[in-house]
Amino acid sequence: MKGILFTELEVEIPFHDVDSMGITWHGNYLRYFELVRCKLLDKIGYGYRAMQDSGFSWPIVDVQIKYVQSSTFEQTVIVKAALVEWENRLKINYQVVDAQTGKRITKGHTIQAAVDMQTQELCFVTPEVFQQKIAHLLPQLSSNEQSE
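full-length UniProt numbering puts the first residue of the sequence shown at 1, with every later residue one more than the last.
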């Protein structure tokens with residue numbers, strides 16, 4: 001999975017996330033995306049509390065999910081997130097894979113746009129506060145890519 005910044009987390013599918021056939025209900029994947037997105041934003045130092053404190057909300061304006069295979073009760077999965085765009089909007093790609101086999105179960109993306117909380121106006125350029133948060137990571141990312 002390509003991107004600027006990555007993170008992942010392990011999830012064991014709980015009983016309350018499955019339907020009567022023991023298959024993960026499709027809507028729960030959005031929750032898994034949210035969990036890993038929060039971890040990714042925290043890694044940047046710009047989680048939802050920091051967003052709010054900076055005067056911007058970042059609603060999801062688009063979401064896409066492709067269900068490749070089912071997951072089931074007690075299955076352990078790895079939920080991965082990669083930041084792929086940040087200059088004008090936040091686009092994060094996701095993959096859910098089986099922890100044992102690595103087989104892809106679900107993939108998708110979300111797009112978030114900054115909204116000035118005072119004026120309720122959509123920002124067409126990522127606010128300076130986020131640009132500063134990501135800027136200190138970009139030199140590290142570039143040097144890590146060069147060393148690989």
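Just so you know, these hints were derived from the structure itself, not from any lab. Heads up, some of the hints might be wrong.
List time: in silico BS3-like cross-link candidates among lysine-lysine, alpha-carbon distance up to 30 Å [claimed, not checked]:
no., residue 1, residue 2
1, K43, K91
2, K43, K133
3, K66, K39
4, K103, K133
5, K91, K39
6, K2, K39
7, K107, K66
8, K91, K80
9, K91, K107
10, K91, K103
11, K43, K103
12, K2, K103
13, K133, K107
14, K80, K107
15, K107, K43
16, K66, K80
17, K43, K2
18, K103, K80
19, K91, K2
20, K107, K39
21, K91, K66
22, K80, K43
23, K2, K133
24, K80, K2
25, K103, K39
In this text the structure is predicted, and so the values were computed from the model without any measurement.
Worksheet item: Is it true that the CA of K107 sits at most 30 Å from the CA of K39?
Response: holds (18 Å)
Worksheet item: Hey, K133 versus K107, does the alpha-carbon distance stay inside 30 Å?
Response: holds (27 Å)
Item to complete: Sort out whether K43 lies within 30 Å of K107, counting only the CA atoms.
Response: holds (21 Å)
Worksheet item: Does K103 pair with K39 here, judged by a C-alpha cut-off of 30 Å?
Response: Satisfied, since the Cα-Cα distance of roughly 22 Å is no more than 30 Å.
Discussion item. Can you confirm whether the C-alpha distance between K91 and K39 stays at or below 30 Å?
Written reply: holds (15 Å)
Practice prompt. Compare the distance between the alpha carbons of K91 and K2 with 30 Å, and conclude whether the hinted pair is satisfied.
Written response: holds (12 Å)
Worksheet item: Does the structure keep K91 and K80 at a Cα separation of 30 Å or less?
Response: holds (14 Å)
Discussion item. Hinted pair, alpha-carbon criterion (30 Å max): K80, K2. Please report holds or violated.
Written reply: Roughly 11 Å separates the two Cα atoms, so the pair holds.
Worksheet item: Taking only the CA atoms, is the gap from K80 to K107 under or equal to 30 Å?
Response: Between K80 and K107 the Cα gap is close to 9 Å, so the pair holds against 30 Å.
Fill in: Proposed proximity, K66 with K91 (alpha carbon, max 30 Å)
Distance of about 16 Å is within 30 Å: holds.
Discussion item. Check whether the Cα positions of K2 and K133 lie no farther apart than 30 Å.
Written reply: holds (20 Å)
Worksheet item: Straight-line Cα separation of K43 and K103 no greater than 30 Å?
Response: holds (26 Å)
The structure does not agree with numbered hint 4 stated previously, though it agrees with all others.
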